[in-house]
Structures are given as C-alpha cells and as structure tokens.
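Counted from 1, the sequence shown has number 367 at position 9 by this note's numbering; the numbering is strictly sequential.
The set of hints was computed from the structure by calculation and includes no laboratory data.
Idealized CB from N, CA, C, for every residue including glycine.
Check each hint, because a few of them may be wrong.
Said to hold, decoys possible - What follows is a list of derived Cβ distance ranges for each label pair:
hint, residue 1, residue 2, range
1, L459, T411, 17 to 23 angstroms
2, T411, G480, 30 to 36 angstroms
3, R468, P445, 36 to 42 angstroms
4, P469, D449, 28 to 34 angstroms
5, R389, G446, 28 to 34 angstroms
6, R404, R468, 17 to 23 angstroms
7, T453, M403, 16 to 22 angstroms
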Amino acid sequence: MEGAAEVGSRSSSAGHTPSTLLQPTRVGARRLIRASGVDLDVGAMRVTVDGVTLDLPYKEFQLLRLLMERAGNLVPKQLIMDQVWRPGHPDSNRTLEVHVLRLRRRLRPRPDSPSRLRTVRGHGYIFDILDDDEE
359 MEGAAEVGSR
369 SSSAGHTPST
379 LLQPTRVGAR
389 RLIRASGVDL
399 DVGAMRVTVD
409 GVTLDLPYKE
419 FQLLRLLMER
429 AGNLVPKQLI
439 MDQVWRPGHP
449 DSNRTLEVHV
459 LRLRRRLRPR
469 PDSPSRLRTV
479 RGHGYIFDIL
489 DDDEE
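Construct the complete structure from the given sequences, taking the supplied hints into account.
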C-alpha cells in the first residue's frame, strides 16, 4: 500500500514539480486560478471548464478552489473538511465524498473531457495537472 509521500511524488511524474500553491493571477480586475483547462474566477465565483461555464454550488466552488490552489499535491481529507466546512466538522454522512463525486462529474462537461480529480484512498484528493499545462 502506497503512502501519501509516494503519491505526492508520483503526481509530478509527468514532468511537473508540484508547487505549494497556485496563486490567482490578475486578468484585468479578475483573479483567476488556471490549471488543466479549468479557469476559476475567485471574485465572480465562476468556473469555466474547456470553455463551458459551470454554475457550482458554494461548497463545491470552495472545494475546487482549495484543490486547484494545491494542484498536483495531495490535499488531506481533514484539511478539506476544516477549510471548506469548519474545523472539527464530522464527516459522518460522507459529505466530502458526495461533494467530490458531484464536482468530478461537473468537471467533465463532455464525455471525452479528462478526469481532473484523483482520490488517494485513506488520505485525500489531488487536482491533477494535465500535460497541456506544461506550456
């Protein structure tokens, strides 16, 4: 069984070195986080995937923002629960898994769209940096 360290290092195997955080870039007055064909407009709370604008519920938007800020890195479940919900929030009803499942579906607007969210069983999630981001 692989540990979190092995998974974190494997996520960079496509020639990427995961950064600690992807900082929003300014495009005019907008603050955007861009990775793997996803544009997340922080101020407008708008997400565009492969040119398709998504209408995300607030918690899914916050979850995606947290994962994209740490793109290519393992984000532990407890950190997600503490930052997207509240510190110490119990995940008794599989809240996180349900939100990730919904978000994963939304991030694939077309059947040929790549999967961007990876589950690391027992540890957390990774927003994968796709090869087209190497430019």
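The hints, checked one at a time:
1. L459 to T411: 17 to 23 angstroms: 21 angstroms, holds
2. T411 to G480: 30 to 36 angstroms: 34 angstroms, holds
3. R468 to P445: 36 to 42 angstroms: Between R468 and P445, where Cβ atoms are some 37 angstroms apart, the hint holds.
4. P469 to D449: 28 to 34 angstroms: Check passed, 30 angstroms falls within 28 to 34 angstroms.
5. R389 to G446: 28 to 34 angstroms: 29 angstroms, holds
6. R404 to R468: 17 to 23 angstroms: 19 angstroms, holds
7. T453 to M403: 16 to 22 angstroms: Distance hint for T453, M403 holds at roughly 20 angstroms.
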